[in-house]
Amino acid sequence: MKRLTALPLALACLLATVAPAGAETLRVTSSAEDGPGSLGQKILEAGPGDVIVLPPGSYPLTNGDTLIEQGNTLRGAGVEATTIVPTGGGGALVDDAVTVEDARVADALQPSDEEGSGIERKAQIVALIATLAIFLVVLELVRRRRLVERYALLWMGAAVALLVLSIWTDLLGEIADAMGIQEPANAIFILAFGVVFVLLLHFSVATSRLGEETKILAQETARLDLELRVARGEAPGSNGAGSAPPGAEQDEHDPPIATQRDG
Amino acid sequence: MADTAELRKLAIVPALNEAGMVARVIRDIRRHAPDFDVVVVDDGSADATAAEAEAEGSVVIRHPYNLGIGGAMQSGYKYALRYGYDVAVQVDGDGQHKPEYLPELLAALHTGEDEADMVYGSRFRGDPGYKVPLGRRIGNLIFSLVLSAITRQRITDPTSGFRMTNRRGIELFARDYPHDYPEVEALLMLHAHRLRIHEVQVRMNARGFGRSSIDYPRSAYYMVKVLLALFVGLFRRRPVPVEATASES
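Chains A and B are the protein sequences, given in the same order. Going by the working numbering, the residue at position 168 of the first sequence is 168; the numbering climbs one at a time, nothing skipped. Going by the working numbering, the residue at position 81 of the second sequence is 81; the numbering climbs one at a time, nothing skipped.
Chain B extracted, bound-state conformation:
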């Protein structure tokens, strides 16, 4: 089991108008984790994101229009499922996630003390390495408390998108992935389907925050929307974990 060399591994790179950055991300993945295939999901970019990624030799899924990060990641998971990947990891196209952690995440996914179905990189397990905006910290704390209570395990960075999952997670997310701000809800889904979550301390590049540290009304909407989704999610049916048979959830 500990031998991960045989596994087919995929890095999903959601990218929206990341020309000038996406090629670097692809090269970084190749350098630090050469055994990962790369698929870039161009979520309706208006710039040369897709062309640059293809010039770099990456497979590119081009959305006809913007579906949002949830739709983009789901496209990636569908691709992973269709082409029989065993492991899929999200590496944001804005360079926020550092590919040098990929081997560590992979090791945690398969050789952790208890095997996990999803491993994600947490900024807040230790020192994040850069200054996180206060609003974001508070939001993160609230989600962290709620999710930790629900899942009965310590979730220090529920909004981190830097996550790697195995075949079970791929199957689950290919079928159903949350919409606007998917990270927190996706954790709840994993828990509801009894997939095991494990976290690894990472550092991230501050870049990407410039874009995603959204204005206050939007963060408020984000909070309320995700909390609502969490609350409703608690009352969803909890289907059996996705085993080999892909039954309708």
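Chain A extracted, bound-state conformation:
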């Protein structure tokens, strides 16, 4: 489930760090459930967008709803060092409005697995449907001869890759790890961007080549048009009295069309 909330979370992170220019930073000094310096107390003191800093230790979180309203950031001293134990309103820790940095959320009260896998399953179904749709569209285009097989394979390959990544979610995590990216969701965006970039570049190349080929065709058409008109006596074929009319001297010197196709 992490994977799918990752992007909104990342966005929220970004917004939280960018938006409130005047955000204050409050420091928690007590790991008690309430009382002066406790996390609960600091949440009450904090204003919207403020950052609450948690030194190494374990902190119970009771009033998570306030946290959501205020859109606060909880900043620990590292995943290893700071633990937040949600005892009430633990949902706040995965809410888009709240950012948790450098802190571990104690397992006990993490949002239930059922809810998580429910989201994941939904996303998988969406991905499955999308992939199937792509497949069908591509096949239909090939059937109508609107798309050459070469590109059909390309798009189907992309669809399969999407399918694999959406079902085999651990793979995405591993890829992200290998790329040194923390959020698997970001990894998929980077990969997708790379693929799209290469595709567009490829199409630019293809378009340039088509332009060149079209130019040659136009020139050849013009030449044939000239020779045809001259042969029919509709157009002058030469100017000087003694010069040879078109077609007089001929070795096939036509430039080779400098393109090669490979599959």
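Hints in this document: simulated from the structure, not taken from any laboratory. Among the hints, a few may not be true.
Claimed, not checked - Reference excerpt, derived from the structure (chain A facing chain B, CB under 7 angstroms, subset only):
(1) Lys215
(2) Ala218
(3) Gln219
(4) Thr221
(5) Ala222
(6) Asp225
(7) Leu226
(8) Ala235
(9) Pro236
The C-beta atom is built at its ideal place from N, Cα and C for all residues, glycine as well.
Model the placement of chain B on the given structure of chain A, informed by the hints.
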């Protein structure tokens, strides 16, 4: 060698919507250089350019649509190659290039102190004879510096289209000619293929500038595009000069 009478010579006249002008250009060529055949490349004109040129007795290649000056000139060079011309010269259909210089260019091509493969008419070797717009002058200066550095010879007017080439140049350009703004790149191509370039001082008619002195964004694009082409061109393979065998470049 100095006898140029035997050579088959062709004037390529690229023309786009030059009805009313193209016939005059053809007549001028005939008057000043009667030994030149004329081929007009009508680059997709919407007016009577082709009809007027044919009425004047010129061969006309009619492009089905506009290919740009590069495509038009290449068509002309292909024609020259196909019909076995030894010399081809570009004379713009807008009347900018004065045909009275053709004999001089021809002489420079074949009897110059060192024989050249391409001779072009430069406006800036002396007094251009008319006021050249400032932007154009600056652009020209930049190209001139860059090209002179690359070719290690003085190129004073790299954007001049008034150029005459021999069989080697014809073969080269028939196979490959630059696209949008071809003049500068074409010079680099000649140099890369080790064809010798020579320049002759000419005057040009101001006409033609009215049309081609393009607006600023476009001139900026022109500059950047041509500089990029020059830069990339430096890293192209340098095939052997096109000898009799037309090998793939």
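Hints, verified against the model:
| no. | hint | result |
| --- | --- | --- |
| 1 | Lys215 | 5 angstroms, holds |
| 2 | Ala218 | 5 angstroms, holds |
| 3 | Gln219 | 5 angstroms, holds |
| 4 | Thr221 | 6 angstroms, holds |
| 5 | Ala222 | 5 angstroms, holds |
| 6 | Asp225 | 6 angstroms, holds |
| 7 | Leu226 | 5 angstroms, holds |
| 8 | Ala235 | 6 angstroms, holds |
| 9 | Pro236 | 5 angstroms, holds |
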